[in-house]
Amino acid sequence: MNSLKHINIKKIIVTIVMFFCSIAFLLPFIWMLSTSFKIEGDVFTFPIQWIPDTWNMINNYNEVWFGDYPFYLYYWNSIKVAVLTTLVSCVVSSLAAYGFSKIRFPAGSWLFLIVLATYMVPPQASLVPQFLLFRSIGLFDSHLGLILLGSFSVLGTFMLRQFFMGVHTDLIDAAKIDGAGHWKIFWKIALPIVRPAVATYAILRFIWTWNDYQNPLIFLRTDELYTIPLALQKFTTINGEFYTLIMAGAVSAILPLLIVFIIGQKHVIEGIALGGVKG
Amino acid sequence: MKENVEVGSGLKRLPKAKFKKTKIERNENIAGALFVSPMLLGVSVIVLFPIIATFILSFADWKFVQGLDQLQWVGFQNFKELLGDDIFVKSLINNGIFILTVPLTMAFSIFLAIIIDKHVYMKDYFKVAFFMPYISNVVAIAIVWQVLFHPSAGPINQVLMSIGIDNPPTWIADPNFALISVMLIHIWISIGFNLIIYIAGLQSIPKELYEAAEMDGANAWYKFRNITLPLISPTSFFLLVTGIIATFKVFDLIAVLTAGGPLHSTSMLVWHLYETAFINLEIGYASAIAVILFLFVFLITALQWLGQKKWVNY
Numbered sequence: 001m002n003s004l005k006h007i008n009i010k011k012i013i014v015t016i017v018m019f020f021c022s023i024a025f026l027l028p029f030i031w032m033l034s035t036s037f038k039i040e041g042d043v044f045t046f047p048i049q050w051i052p053d054t055w056n057m058i059n060n061y062n063e064v065w066f067g068d069y070p071f072y073l074y075y076w077n078s079i080k081v082a083v084l085t086t087l088v089s090c091v092v093s094s095l096a097a098y099g100f101s102k103i104r105f106p107a108g109s110w111l112f113l114i115v116l117a118t119y120m121v122p123p124q125a126s127l128v129p130q131f132l133l134f135r136s137i138g139l140f141d142s143h144l145g146l147i148l149l150g151s152f153s154v155l156g157t158f159m160l161r162q163f164f165m166g167v168h169t170d171l172i173d174a175a176k177i178d179g180a181g182h183w184k185i186f187w188k189i190a191l192p193i194v195r196p197a198v199a200t201y202a203i204l205r206f207i208w209t210w211n212d213y214q215n216p217l218i219f220l221r222t223d224e225l226y227t228i229p230l231a232l233q234k235f236t237t238i239n240g241e242f243y244t245l246i247m248a249g250a251v252s253a254i255l256p257l258l259i260v261f262i263i264g265q266k267h268v269i270e271g272i273a274l275g276g277v278k279g
Numbered sequence: 001m002k003e004n005v006e007v008g009s010g011l012k013r014l015p016k017a018k019f020k021k022t023k024i025e026r027n028e029n030i031a032g033a034l035f036v037s038p039m040l041l042g043v044s045v046i047v048l049f050p051i052i053a054t055f056i057l058s059f060a061d062w063k064f065v066q067g068l069d070q071l072q073w074v075g076f077q078n079f080k081e082l083l084g085d086d087i088f089v090k091s092l093i094n095n096g097i098f099i100l101t102v103p104l105t106m107a108f109s110i111f112l113a114i115i116i117d118k119h120v121y122m123k124d125y126f127k128v129a130f131f132m133p134y135i136s137n138v139v140a141i142a143i144v145w146q147v148l149f150h151p152s153a154g155p156i157n158q159v160l161m162s163i164g165i166d167n168p169p170t171w172i173a174d175p176n177f178a179l180i181s182v183m184l185i186h187i188w189i190s191i192g193f194n195l196i197i198y199i200a201g202l203q204s205i206p207k208e209l210y211e212a213a214e215m216d217g218a219n220a221w222y223k224f225r226n227i228t229l230p231l232i233s234p235t236s237f238f239l240l241v242t243g244i245i246a247t248f249k250v251f252d253l254i255a256v257l258t259a260g261g262p263l264h265s266t267s268m269l270v271w272h273l274y275e276t277a278f279i280n281l282e283i284g285y286a287s288a289i290a291v292i293l294f295l296f297v298f299l300i301t302a303l304q305w306l307g308q309k310k311w312v313n314y
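Chains A and B are the protein sequences, given in the same order. First residue of the first sequence: 1, per the UniProt record's numbering; consecutive thereafter. First residue of the second sequence: 1, per the UniProt record's numbering; consecutive thereafter.
Be aware that one or more of the hints could be misleading.
Below 25 Å or equal to it, Euclidean Cα-Cα: the simulated DMTMM-like pairs (lysine to aspartate or glutamate) are [as the list claims (entries may be wrong)]:
no.	chain 1	residue 1	chain 2	residue 2
1	A	266	B	117
2	A	11	B	211
3	A	176	B	28
4	A	10	B	282
5	B	63	B	208
6	B	207	A	63
7	B	207	B	282
8	A	10	B	28
9	A	80	A	63
10	B	123	B	208
Listed below are several chain B residues computed to face chain A (Cβ distance under 7 Å; list not exhaustive) [as the list claims (entries may be wrong)]:
no.	residue
11	120
12	163
13	165
14	169
Think of the hints as simulated: they come from the structure by calculation, not from any bench. Yeah, the Cβ is synthetic: ideal placement off N, Cα and C, and Gly gets one too.
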């Protein structure tokens, strides 16, 4: 009993120390948030005002959301691109994952190898021809082009394939004997079983697409089409020294994702731990 | 294949079974092709053909603004030029230095993972807290750090000056410190990912091993050195390889924070590739850089396949 109590006290102390470590780790975020509430003159005062003396929150965020570079527009663009990419990618990946794991056809195994091999290609290595191709077929400077770029994920296919392989073959064979085709088996039996895995992949794909900076930078030209990361960068260039506005923009860029992450926390962390995946 | 035979093997065996088998087989082929074709088509158009085109274009001298008729085949000329290209060599060296972030991140992460896994309450809070930089938008993060690193007025240097360091480094404005600054931020971002993977790895180590060691009077360091470290080696190996590959893909951080500067001190392969292709518009030369990039990543991946068996204790 005594020793148990002793261990608990030790654990509490470690927790408190670690808590302060985590706060130190998150200081850049805290600084960002507090700066976004300040007036410009207070940004670099020292000692740092963690809680602003003068609040200017409403003005700052109003300027970010409805000013010259209106974030509501970029939000809409980001939501559109991220949701559609996630949707298409989930459909394409789960179809392929089912095909590669539950349909026995001779070409399947080497086709899968080809798909897997493309995973070794760093995205930047194929960027130039992608750019030339998209320009020549009119997908340059369009959301459709961005969505297509993010929709064919080898990682998603690979990840979901692992889960489809866990679906019992007996179950599928029984359905086949009852006369069900692969489409029906996929839709009614296999997909419901692997739904948690699809949800995990969907959240990850959403986060990756939302955060993507490189593809919008290269494949978009028109301001009105910008997604959040690209818009934030342009906003920063334009607003140069207005750090309160820039920080309000940064908070706006991070916040929705943080909410998605906290809601789907278990899914995200498990998904990442399970597959050791990385976008 | 086996099941198909069994399905047909009930009644009139010979002709009908054979007919049925081929029919099922054909159906399976068609179904298989239909299910995987969207993915296959997409991957071919988006990745496979472009990477082949990259290899072909790396032998060409062509500027994007010129017409296709201006394209000239120059053999290995681009690759020869790369060797004499100071920025390319600098970028390559920077890529090499940047790899140092991987073991450093892993060391921090395993330390944190052990503490969070066994020695604290509110495990979920700590996972989320340390994961936050990884989940956040790199552009936003880069912008925040840019201000934090501000040479004269930035909070970091204000704190340093207030504790008596009169001439703190100017961080991303100083060619000698810029790469280190970027590396620090990269470590800060990557810890969350490494931490989550390590915690998952730690949980798969049987508790009995620690209990047995404790009965023999082993101390914490002994347990770490002789149980945790060897048994977590598959995880470490995985993190090492994916971490190194990830350093070859770092782009957002450089693009927003330093744009490769000052004096190319933070230029890396991917950044140099971007600058060459999309700012200088030299398609052929950029493709040669892309080929080098591809070969590096390919080599590391191949080493992973070969090395997995050799260096990892299961």
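Tested hints:
{"no.": "1", "hint": "A:266 <-> B:117", "result": "holds (16 Å)"}
{"no.": "2", "hint": "A:11 <-> B:211", "result": "holds (19 Å)"}
{"no.": "3", "hint": "A:176 <-> B:28", "result": "holds (11 Å)"}
{"no.": "4", "hint": "A:10 <-> B:282", "result": "violated (62 Å)"}
{"no.": "5", "hint": "B:63 <-> B:208", "result": "violated (65 Å)"}
{"no.": "6", "hint": "B:207 <-> A:63", "result": "violated (56 Å)"}
{"no.": "7", "hint": "B:207 <-> B:282", "result": "violated (58 Å)"}
{"no.": "8", "hint": "A:10 <-> B:28", "result": "violated (61 Å)"}
{"no.": "9", "hint": "A:80 <-> A:63", "result": "holds (23 Å)"}
{"no.": "10", "hint": "B:123 <-> B:208", "result": "holds (22 Å)"}
{"no.": "11", "hint": "120", "result": "holds (4 Å)"}
{"no.": "12", "hint": "163", "result": "violated (12 Å)"}
{"no.": "13", "hint": "165", "result": "violated (14 Å)"}
{"no.": "14", "hint": "169", "result": "violated (18 Å)"}
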